[in-house]
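Going line by line, the protein sequences match chains A and B.
Just so you know, we're using our numbering here: the first sequence kicks off at 1 and counts up by one.
Just so you know, we're using our numbering here: the second sequence kicks off at 1 and counts up by one.
Derived from the structure by calculation, the hints contain no laboratory data.
On a predicted model such as this, the values are computed, not experimentally measured, just so you know.
Below 30 Å or equal to it, Euclidean Cα-Cα: the simulated DSSO-like pairs (lysine-lysine) are:
id: 1; chain 1: B; residue 1: Lys22; chain 2: A; residue 2: Lys59
id: 2; chain 1: A; residue 1: Lys68; chain 2: B; residue 2: Lys57
id: 3; chain 1: B; residue 1: Lys92; chain 2: A; residue 2: Lys68
id: 4; chain 1: B; residue 1: Lys83; chain 2: A; residue 2: Lys73
id: 5; chain 1: B; residue 1: Lys92; chain 2: A; residue 2: Lys18
id: 6; chain 1: A; residue 1: Lys68; chain 2: B; residue 2: Lys133
id: 7; chain 1: B; residue 1: Lys83; chain 2: A; residue 2: Lys68
id: 8; chain 1: B; residue 1: Lys20; chain 2: A; residue 2: Lys68
id: 9; chain 1: A; residue 1: Lys24; chain 2: B; residue 2: Lys83
id: 10; chain 1: B; residue 1: Lys20; chain 2: A; residue 2: Lys59
id: 11; chain 1: A; residue 1: Lys26; chain 2: B; residue 2: Lys92
Pairwise CB distance ranges, derived in the manner of DEER restraints:
id: 12; chain 1: A; residue 1: Ala12; chain 2: B; residue 2: Leu52; range: 28 to 34 Å
id: 13; chain 1: A; residue 1: Lys2; chain 2: B; residue 2: Asp307; range: 51 to 57 Å
id: 14; chain 1: A; residue 1: Val44; chain 2: B; residue 2: Ile210; range: 46 to 52 Å
id: 15; chain 1: B; residue 1: Glu32; chain 2: A; residue 2: Gln5; range: 45 to 51 Å
id: 16; chain 1: B; residue 1: Glu195; chain 2: A; residue 2: Asp22; range: 50 to 56 Å
id: 17; chain 1: A; residue 1: Leu58; chain 2: B; residue 2: Asn71; range: 28 to 34 Å
id: 18; chain 1: B; residue 1: Glu214; chain 2: A; residue 2: Ser78; range: 54 to 60 Å
id: 19; chain 1: A; residue 1: Lys73; chain 2: B; residue 2: Glu243; range: 47 to 53 Å
id: 20; chain 1: B; residue 1: Val289; chain 2: A; residue 2: Glu69; range: 28 to 34 Å
id: 21; chain 1: B; residue 1: Glu32; chain 2: A; residue 2: Glu74; range: 18 to 24 Å
Negatives, chain A to chain B, calculated, CB over 12 Å:
id: 22; residue: Ile3
id: 23; residue: Leu19
id: 24; residue: Glu21
id: 25; residue: Asp23
id: 26; residue: Asp25
id: 27; residue: Glu36
id: 28; residue: Ile40
id: 29; residue: Arg43
Idealized CB from N, CA, C, for every residue including glycine.
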Amino acid sequence: MKITQKDVEHVALLSRLKLSEDDKDKYTQSLNAILEYMEILNRVDTSGIEPTAHVLPLKNVFREDEVKETLEKELVLSNAPDEENGCFRVPRII
Amino acid sequence: MGSSHKYETVIGLEVHVELKTKTKIFCSCPTEFGGEENTHVCPVCLGLPGVLPVLNKRVLEFAVRAGLALNCEVAGFSKFDRKNYFYPDLPKAYQVSQYDLPICKGGRLEIEAEGKKKTIGITRIHMEEDAGKLLHSGTTIASSDYSLADYNRTGVPLIEIVSEPDMRSSQEARAYLEKLKIILEYIDVSDVKMEQGSLRCDANISLRPIGVEEFGTRAEIKNMNSFKALQKAVEYEVERQAEILNEGGSIVQETRSWDEEKGVTVSMRSKEEAHDYRYFPEPDLVPIVVEPAWVEELRNSLPELPDERKGRLVNVLDLSEYDAGIITGSRALAEYFDRVVACYEEPKTAANWLNGEFLRLLNAQGLEVTESKIDPEDFAALLRYIADGKISGKIAKEVFAQMFAEGEKPGEIIKRKGLMQISDEGALSAVVEKIVAGNPKSVEDYKAGKEKAIGFLVGQVMKETKGQANPGLVNKLLQERLDSL
Numbered sequence: 001m002k003i004t005q006k007d008v009e010h011v012a013l014l015s016r017l018k019l020s021e022d023d024k025d026k027y028t029q030s031l032n033a034i035l036e037y038m039e040i041l042n043r044v045d046t047s048g049i050e051p052t053a054h055v056l057p058l059k060n061v062f063r064e065d066e067v068k069e070t071l072e073k074e075l076v077l078s079n080a081p082d083e084e085n086g087c088f089r090v091p092r093i094i
Numbered sequence: 001m002g003s004s005h006k007y008e009t010v011i012g013l014e015v016h017v018e019l020k021t022k023t024k025i026f027c028s029c030p031t032e033f034g035g036e037e038n039t040h041v042c043p044v045c046l047g048l049p050g051v052l053p054v055l056n057k058r059v060l061e062f063a064v065r066a067g068l069a070l071n072c073e074v075a076g077f078s079k080f081d082r083k084n085y086f087y088p089d090l091p092k093a094y095q096v097s098q099y100d101l102p103i104c105k106g107g108r109l110e111i112e113a114e115g116k117k118k119t120i121g122i123t124r125i126h127m128e129e130d131a132g133k134l135l136h137s138g139t140t141i142a143s144s145d146y147s148l149a150d151y152n153r154t155g156v157p158l159i160e161i162v163s164e165p166d167m168r169s170s171q172e173a174r175a176y177l178e179k180l181k182i183i184l185e186y187i188d189v190s191d192v193k194m195e196q197g198s199l200r201c202d203a204n205i206s207l208r209p210i211g212v213e214e215f216g217t218r219a220e221i222k223n224m225n226s227f228k229a230l231q232k233a234v235e236y237e238v239e240r241q242a243e244i245l246n247e248g249g250s251i252v253q254e255t256r257s258w259d260e261e262k263g264v265t266v267s268m269r270s271k272e273e274a275h276d277y278r279y280f281p282e283p284d285l286v287p288i289v290v291e292p293a294w295v296e297e298l299r300n301s302l303p304e305l306p307d308e309r310k311g312r313l314v315n316v317l318d319l320s321e322y323d324a325g326i327i328t329g330s331r332a333l334a335e336y337f338d339r340v341v342a343c344y345e346e347p348k349t350a351a352n353w354l355n356g357e358f359l360r361l362l363n364a365q366g367l368e369v370t371e372s373k374i375d376p377e378d379f380a381a382l383l384r385y386i387a388d389g390k391i392s393g394k395i396a397k398e399v400f401a402q403m404f405a406e407g408e409k410p411g412e413i414i415k416r417k418g419l420m421q422i423s424d425e426g427a428l429s430a431v432v433e434k435i436v437a438g439n440p441k442s443v444e445d446y447k448a449g450k451e452k453a454i455g456f457l458v459g460q461v462m463k464e465t466k467g468q469a470n471p472g473l474v475n476k477l478l479q480e481r482l483d484s485l
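Start from the sequences, fold in the hints, and give me the full structure.
Here it is in C-alpha cells:
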C-alpha cells in the first residue's frame, strides 16, 4: 500500500491541519517510510497470536461510583478563547 | 401505504441509553441532569492534557446487566477505543467508545406488533461517553453565528444497543423501542426518559423490492424524541424512499434529521469525511476481563423481567393478557399489584381496580405509581370491604377517591362518614315498612301486576338509607312485605 498526496490531504483535513505544498510532500514520504517498515514487520508469522489491546500488562482498573470535587468554574473557563454566560463560545459550526 | 407497496421495509435501531450512575464514566463528576453550565466538569472530562481516565465499575456492571436482560453473550475480554471527529460538543476531539470488542454481543428481544410475536436480534451493546450540549445563538444551527458549549453532560455514561436489521414496519420499530425501555426500567440501569434524552434512538431505514434478499441503501434518521416520532419518521422515510425508487432514482446513504413540526426528514448534509472515525485502541484505559462467576452473580440478581412477570400473571393468577400487559408495562405498577394481591386473594378484582380507578386517578393528576398515597395493604382492605358486603361498589369508589386524595385508611373513612352497608334485617325492615306505607300508588301498581313498580320502591329505600342499604337484602325484604299484603 502506498500513501499518496491525496491521502495526506484527507488526513490533514480530518485533523484540521493546514499543510503547505512542501509539508504535503514531506509527510507523504514520511508516512510511506513508516508503512514500509510495517511491511518488514508483516513478515513475522503472527498466526495464533492475539492482537495487542494494550501495551501494559494491566487489566480491570476501576473506580468506585463516588462523587468527588469538580473544577471551579473560573478555572474551567480560564483557557477558553471566548466565553459567554458560563459557556465556551465557539464559532459557527455549519 | 402509498407508493411503498412494492417494497419491503428494513429497519435497524441504534439506541443510546444514559446509565443512572452517580458519577461519570471515567471521572468522579456528578451525572445529575441540569445544573449550572460547566459546573459538573473536571480536567478528565474536559480532556485537559495529562489526565488519566479510570472506568467507573458501576458502568460495567450496568452494561453487563443490560446485556444479560437482553439475552446477550458477555465478552470475557473487552476494551475501549477512540472514535475521532471534530465537533465542539466533544472537548477531546474524540469520543471514548468501544469498536471491535464490545462488552456484549448477540442478544435478542421478543416483541409483539399488530398481534404478531417476533424476535428481534441484538447485534451488540457497547459502553461509551456522552458528548456535551450546544446552545445555538440563532433558531437553528445553520442560522447561528456562534454556539455555546456546556460540558456538564460530557462523560455521562452511555450504552449503545444496536439491533439487527430485523424490523419490517414502523409498528415493529416502535414495539421494539417500547419493550427495550420497559426492560431497562425493570433492571434499573437508566431513567429511560426520552423527553430528557436519557433514551435516544436513531433508525437505519432501507427498502428492497419484495422477494429480493440484498439490502437496499440505507438512510440514518436522527432526532426522534418520542415513540410516536419514531413511528412517524419511519413512515415518512419509507414513503420518501419508495417515491425515489419508483421514479428510477437511487437512495443516497446519508444522515437525516426528523423535523417534528414539519413531519419530514431533512438531509444533514454532513461532509463525506465526517464518517472517517479512525478508531484506535484507547491507550489511557486498560482492557476489561470479566470473570464468569461475576456474570453469573449478576444474572442471578436480575429481577423478574416483563415477559416472565406477564406470564405469571396470566398463567398463575388467571388474568387476561390485556390486564397483565398493562400491569407489567411498568415495574412500579407490577410491584404494586403484587403487594395488593399479597393481602387480597382475588387477583382479577384487584386488576380491575388497579387498571380502572387507580390508573384513572393517577393519569388525571399526572402522578407516578410511586407517588400514590394509597398503601397497597389499604387498597386490599378496601377490596375486602366490598367482597364482605360491607360497602357497595358505588360507595367504594367514593372511599377510594378519598384514600387517593388523603392516604386515609378505608376503615376510617367508612366509619367517619358512616358509609357502612346496612345488612341488618331489623333495621332495613323498618325502612321498608315506612316506604311501603308512604307509597300506596306504587304498592297498588305492583299488586295489579306491574312488577316493575318494585324497582321504584327499592330506589326509595336506597335513597332513605343514603345508598348504604344492602340492595339484595332490600329486594328480598320488599318482595316478602308486598307479597304479604
